[in-house]
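S.K.: Protein sequence lines correspond, in order, to chains F, H and Y. For the first sequence, the numbering used here gives the first residue as 1, with consecutive numbering after it. For the second sequence, the numbering used here gives the first residue as 10001, with consecutive numbering after it. For the third sequence, the numbering used here gives the first residue as 20001, with consecutive numbering after it.
Derived by calculation from the structure, the hints in this document are not laboratory data. Where is the CB? At the ideal position from N, CA and C, for every residue including glycine.
Okay, derived cross-link-like pairs now, EDC-like style, lysine to aspartate or glutamate, Cα gap no bigger than 20 Å in a straight line:
no., chain 1, residue 1, chain 2, residue 2
1, Y, Lys20027, H, Asp10754
2, H, Lys10896, Y, Asp20034
3, H, Lys10896, Y, Asp20037
4, F, Lys176, H, Asp10160
5, H, Lys10896, Y, Asp20035
6, F, Lys18, H, Asp10267
7, H, Lys10890, Y, Asp20032
8, H, Lys10800, F, Glu83
9, Y, Lys20099, H, Asp10450
10, Y, Lys20027, H, Glu10745
11, Y, Lys20027, H, Glu10751
What the simulated footprint calls covered on chain Y by chain F, stretch by stretch (three residues with Cβ under 8 Å from a Cβ of chain F suffice, anywhere in the stretch; the number is not a length):
no., stretch
12, 20003-20011
13, 20014-20023
14, 20058-20070
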Amino acid sequence: MSKAVSALDGVAFEGFAKVEETGLRGMITVRGDLASKEMAAAVKTATGAAVPALRKVTSGDKASVAWMSPDELLVVVDYDQAEATVSQMNEALKGSHALVANVSDARAVFRVSGDGSRDVLAKLAPVDFAQEAFGADDIRRSRIAQVPAAVWGNDDGSFEVICFRSVAQYVFDVLKVSVQSGGEVGFH
Amino acid sequence: MSTRLTTGGRLLNKAKQVTFSFNGKQFTGFEGDTLASALLANDQMMMGRSFKYHRPRGVVASGAEEPNALVNMGQGGKFEPNQRATTTELFDGLTCTSQNHWPSLEFDVGVVNNYVARALPAGFYYKTFMAPAAAWKHVFEPIVRHSAGLGKAPKDRDADRYEHFYAFFDVVVVGGGVAGLMAAKAAGQAGAKVLLMEQTAHWGGRAPVDGGKVDGVKVDDFIDATVAELEAMDNVTLRNRMMGAGVYDHGYILGYERLTDHAPLLDGPRHRLWRIRAKQIVTATGAIERPLSFAGNDIPGVMLASAMRDYIVNYGTSSGDRVVVVANNDDAYRTAFTLKIHGLEVPVILDARPNGGGALADAAREQGFRVENGKGIAKVKGGKRVTGVAICAQAGEGAVLEEIACDAVAMSGGWSPVVHLWSHCGGKLIWDEAQAHFRPDPDRAPTSHDGNAFVVTAGSASGPLKLGDVLVDGQKAGEVAAEAAGFAVTSAEAPKGEVHDEAPLVPCWMMPQGAGPKLRMKAWLDYQNDVKVSDVKLAAQEGYESVEHTKRYTTLGMATDQGKLSNINGLAVLSDALNQPIPATGTTTFRPPYTPISMGAIAGEARDEVFQPLRRTTIHDWHEANGAFFEPVGHWRRPYCFPRGRESHADAVKREINQTRESVGLLDASTLGKIIVKGPNAGKFLNMMYTNMMSTLKVGKCRYGLMCNENGFLMDDGVVARIDEDTFLCHTTTGGAERIHGWMEDWLQCEWWDWQVYTANVTEQYAQIAVVGPNARKVIEKLGGEMDVSKEGLAFMEWKDGKIGDFDARAYRISFSGELSYEIAVPASQGRAFWDALLEAGAEFNIMPYGTEALHVMRAEKGFIMIGDETDGTVIPQDLNMQWAISKKKEDFLGKRAQMRDHMASEDRWKLAGFETEDGSVIPDGAYIVDHGTNANGQRNTQGRVTSTYYSPTLDRGIAMGLIHGGMKRLGDVVEFNKVDGSTVKAKVVDPVFYDKDGEKQNV
Amino acid sequence: MLTLQCPYCGVWAEETELHAEGEAHLKRFGPDSDDADFESYLFMRENPKGVHLERWRHASGCGKFFHAARSTTTLEVFGTYSAQTLEPPQDIKDKISAKIPNWSWREFS
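Here chain F stands alone, though its shape is the one from the complex:
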């Protein structure tokens, strides 16, 4: 699907840390009983991962799974695998009360990396980004400046910010303001 383009087509900006749009990402909203056997099996089959605990992200061989709320997960896969994963999950959850929706095109994803990444995020979200409070495989839904967003920590110390596609430019712009050189906080 060469005609599918991400919101900002992979734009990047480097200040004292780096901000880049990661490009298209497959994302699936799954709502259901997270404690059920059926859900555990469906998630395992589709992603290879376990159902994540409160505000955690798990990873399997096919996809990652993020805890969004007590009855909602976000499955993150390659963009071209999204539809297939939706079908797989729907099949696996047949008979259970659940909702599986492809939301890949409704989102934009940014990676924030480099020294001071935590400071960049702390300029925009009312969240404690201290090492001991927020680490790899943690996810936090909050706001970035004036719009809702979710942030999770990667193993390599970088962070990913997910927001709605319509505000991708806004989120990129506020991240750009925050990484501008001279704005180092040297706190985290």
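Knowing the structure of chain F, use the given hints to seat chains H and Y on it.
M.R.: Using the frame of chain F, we list chains H and Y on its own:
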């Protein structure tokens, strides 16, 4: 004169000279100077004029409490008024001007206010403006407007950048003096995550100036060692040039960090506002010296005794050659000693206490100072500069005993703890008789979410003033805070500070005690707001007994001062006038910020392009590139129309409508809300949400639905499609997507939580494009793909998934224009490509996009309602003749009960009808239908109002919908709509469907 | 600016992440109700000086609605709890009673 000394100046780097300008004059200073110290070093004692009387004013203080030395800093995009010279660090190239004068600081016309001061007493404005109303417009307002405001408002865009920063701590210590350092150390040692902030660039507060020893070493060295210890602790963050601006609910505290004010060439944000959550806050904010109220206490050269000491020790700057010291306490003697050590003359120390001072006074006498007990200043002589003082007995009425020539006066009326941050969030105060000040009452601290105290004071901010006591109190505060934040504390012994025996102060609220009206009129309480002893007395006399009323009547302690210098003296004078003790008068409310913070810091990153989020559809760039004129719809920007060349908006709308009705048009409808509702109870749930019966909708079909709130009023509408047995897709209005999703979740989470229904807001997953007009089908068919979009293949009010071209599409056969119409949703990532493909395929039909205005006109031509036009939060579906959309079979739906209420069922409600003007003109937006007679206010009675009114290109005349008493029963009546010019326009009541009444065009 | 702990995702959220949603524990009256009950359901609200039970939504967060028991005068939060309940949990009621003996709010005390 004031000048640079060869001695002193511990904060200066004398190897580095810097140049700056004040009122266009070039001066030099040293790195490490403040603007105030550098001006003093250049004998520029007069730094401004007062706000109301334009009296010459010099610097009084050396820190944040400075009321007089406010300057306009910088130029152009760097201009900012009301900057304190005392807290402005000097840098090379600094430019500033003084305020409140015209044409110049030296010669000011406004000083005439001073000569008529007797005619400008407290409440002058309130009293004067009782005069005739006409005087307001032509006399008072121009004068007030000209003279109002402190400093000048900036005219240019702020050239700097600003940011916010969210941070979380166990303990935040405000104030980097010795108490703050001790508190931070104690809390840090207990393991707490600590932030210590200091508003100046230096640690240690005023201890290095006041001197003394800690555990046998000089206090300066003790400070350095403690700062080094703190810097070595991983769990402690030290930040200077950062002020605790305000303390708020639940441990919220604002730290105002000034990053480049002292070095504007540095790259980076100018200010950073730290939005901090702290489990515990320690306010180690010190104390502020009080002025004494004697006649002429505002003449340049009269300064706080401690400030004069600061200028010598910190900045090597004298404030005068011959200084009279006047005080009611021992501390001021330190200033006399400092002056002498640095070679300046002190002709006399006036100690207002009948029995004089203690050990320090004895030492002064031993050193040969002339010390006069029980004496005070009757009057300061001089205009733009002190030339001498007249001495009197403090106990008397001001009979002059002696005149002494001098060029400066150092005054001290005792010290008041800085209680601002303690008080911001409700901390209470108690009156300390011995020190004659209000201090925090530790038993009535501000409380947090858990009901426990979250602010503790340390050092002088708690009351104690002596070094030894301050160290002990600081350490204790740190321990208390750490423990309250959940850390185990092993109490250590505080370092021992030198403690001198000092004789108690004797309150001195007026000097001399029996000063008559003439002296009181020249004794200033609040320098910044020009409030004198006589003003407060007058307020009391006129019945302003509450301190809060007196504050507003006289302006005492208002604005940026927030009572830093004026508070206690003013309260004492008021109490005296009311003949009651000071605690009975109480204090005014201290409000944040402690000193003003920049508007830029408050805004943070939210300016220019990112002032507020803009939502863009995936086709937004195309719209922009093709000249769209946008209108805001929520945070979205939607094209209103697409003018070509020099075409007017009206002409563009007309062209877009004609093209769509005649051939084919395109609308970017991506912004419409789309919510998936799924589950075994989804049908039952939607039956509650909509007035219609949704559970009977067949899979593959669409139904238009109305949503009401529990008041029965219409709140949203849209087309619902049944995707499968368990799944519906609900369209909402553009502005309604988040609101309606939240509304659904509200009912599911809080009322019917046992129903098996899930929702998901998938609004942005799809780009949705309406292909509209007689040639719509041909365009889609031209794209190819497997989807059958023929009349039979996809009938009106049906939807279908499939390939259009090679796009994954879902097509809905729905129409909001009355034409043959398909709304086609594709994944948003393919939205722009699909738009381009439609434009290409439609080229032969002259396809063109249309905007929201064409959309509105076309729906009005069809008599379709629009949420927000026909509805305004007080309109029920029955008002819009939409009984057809209200199920009679359902026992319940949201709004049903409300619609049964008398007023809702009344025949008297205004109901929908169409209107056509007799002359074909367009009825003005918002017009009312006038009726016979007038109401109680003499206004014409009304019988209805217009809700949608447009020029219809299709009919080439004005059309309108509106609500009218009697509704469609009035068919054929001629009514009058009012116009802005007072006239009316006649219109006939008609059927609101103006175009294709039988709906043949959309169903082909 | 207050903070509330969302009982669903555990986050201590500041007010900018939350949305106030009015009074808690309203009992809905539908088409069968009489005028008095319906009026009370639509319009009658508590406005206490002291303990208040209210609804919040963790809007910029997990999206869940929840209840909070809070003092309108001191802003003390006695607890937050599930939206799927008809009354405040006993432990929160006990906590309020410990601070404010003889409190009452609508039918709860």
